[in-house]
Amino acid sequence: MTQALASAPASGADHSVSSPDVEPGTGEAPALYTVSVRNLCAFAAKSGDLDLRFTPSPTAQQGRQGHQLVAQRRGPHHEAEVSLQGRHGPLAVRGRADGFDPRSHTLEEVKTYRGALESLSAQQQALHWAQLKVYGWLLCQSRGLAAVNLQLVYFDVVQQTESPQRQRWDAPALRRFFESLCEPFLAWARQEVAHRRARDAALVRCPFPQLPFRPGQRALAAAVYKACLSSQPLLVQAPTGIGKTIGTVYPALRAMPERASDKLFFLTAKTPGRQVALDALAQVRGSARAGGDAGLPLRVIELVARDKACEHRDKACHGASCPLARGFYDRLPAAREAAAQAQWLDRQALRSVALAHGICPYYLGHEMVRWSDVVVGDYNYYFDRSAVLHALTVENDWRVGLLVDEAHNLVPRGCAMYSADLGHAETLQVREQAPPALRGRIDAVLDQWQVLQERHAASGAQPDWRELDAPPEAWLRALHRLNLALGEHVNTHALDGDSVLLP
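Heads up: the sequence shown begins at 24 in this note's numbering, then just goes up one per residue.
Honestly, I wouldn't trust all of these hints.
Unchecked claim - The calculated DSSO-like cross-link candidates involving lysine-lysine, where the alpha carbons are at most 30 Å apart (straight line), are:
1. Lys293 to Lys331
2. Lys69 to Lys331
3. Lys338 to Lys293
4. Lys293 to Lys249
5. Lys338 to Lys69
I should point out that these hints are in silico values taken from the structure, not numbers from a laboratory.
Full structure from sequences and hints, please.
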């Protein structure tokens, strides 16, 4: 017997296609596409290397508290969280600046950080300035300003100190910068809207690929379809051989036009499950051709583990080490266009596109998640604490459908994702490769482990392991001090992704 879980979470989308002839109160034609300032800049203003060295970042709570503290330090005329919006032809751009002082005409953007400000790359700072300049133009446009002072404030959440950077810009220059970002994005947005319309129209016409239905398969498909339309979870248990995968994939796809869904995520517990999902999706594409369409315009991407996608396992993920990270964002636009045109991006196809453009396949895959209709990957891409699919869904407010294959595996996998192991042998290995400044703290943890072992041996208890009601206080104190020392170390030393100090 096998199990599958189908659900349809999430709400609206970060982009939209408008239907009124005129937007209320503006007299303008409706926006073809709406994008946030953050996503506009991420698309059109990023350049330079990919740099995945680990640096400490504030928690979400620290970030919120930092923004609130900076706002409290400003004068009574300070306006916090200023909502801004503007248009570039049919493209609508929206965002929220952190603060504005109408007396000095100073628009402020606050970025919180931990550690050394010098470790912030020039590319990151340029991206922050791009966001602030877009906010600057939107403010000038909405309030009729001829010029504005832009202040980028870096706030240290540990020291609670501010490092402001200030520039003055006139409105025409800000407008030119804004338009230089909007033009390439608008061209892409037109393509995306056309693709979405073609996709939805083809899905409406797409026939079921396995006629006649197998016994029980039609009831399965109908149940999944209704669950997707009503955004309700559905747990299905079906015998092997019923055609479970195609019986869930097809109705989930077929419901996308009716639900105005952005994406479908097919999540699996094991590698063979991904191939089964891809085979089912290929069948649906084939049935569209059999139904008279030239082909189903469906962008499908397979996500694999980083260690399996990496082309240079002996190198670190930054431009100074890996050639596929060097100049990643400079070559990304052409690779993104080629990948979107390819549509079918299983592991090999994605690798071919990435290497043809000299960039990392793994992180091209992360970029193409934004522009794909169906994503096939492991559970951890959505359910893990650092899950990229879940993070992107929340960030972009996507309307997403989930198909979770073999859902009985989700509970043990979930327990593993949200649990951590710390072993004596592994800690000894880390000590051998750790920086000298950390070895004393690691030794203190190892000493407490030795105390535990000696107490257990002296008690004469059998077998050679024991379950404790709670970790000993002395062991926890040693571990806490090590954690503090690690935090201080990474504040001033960026870590490569394969560092022994990272889990």
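Each hint tested on the structure:
| no. | hint | result |
| --- | --- | --- |
| 1 | Lys293 to Lys331 | holds, 14 Å |
| 2 | Lys69 to Lys331 | holds, 26 Å |
| 3 | Lys338 to Lys293 | holds, 27 Å |
| 4 | Lys293 to Lys249 | holds, 27 Å |
| 5 | Lys338 to Lys69 | holds, 23 Å |
Against the hints set out earlier in the document, no violation occurs for any number.
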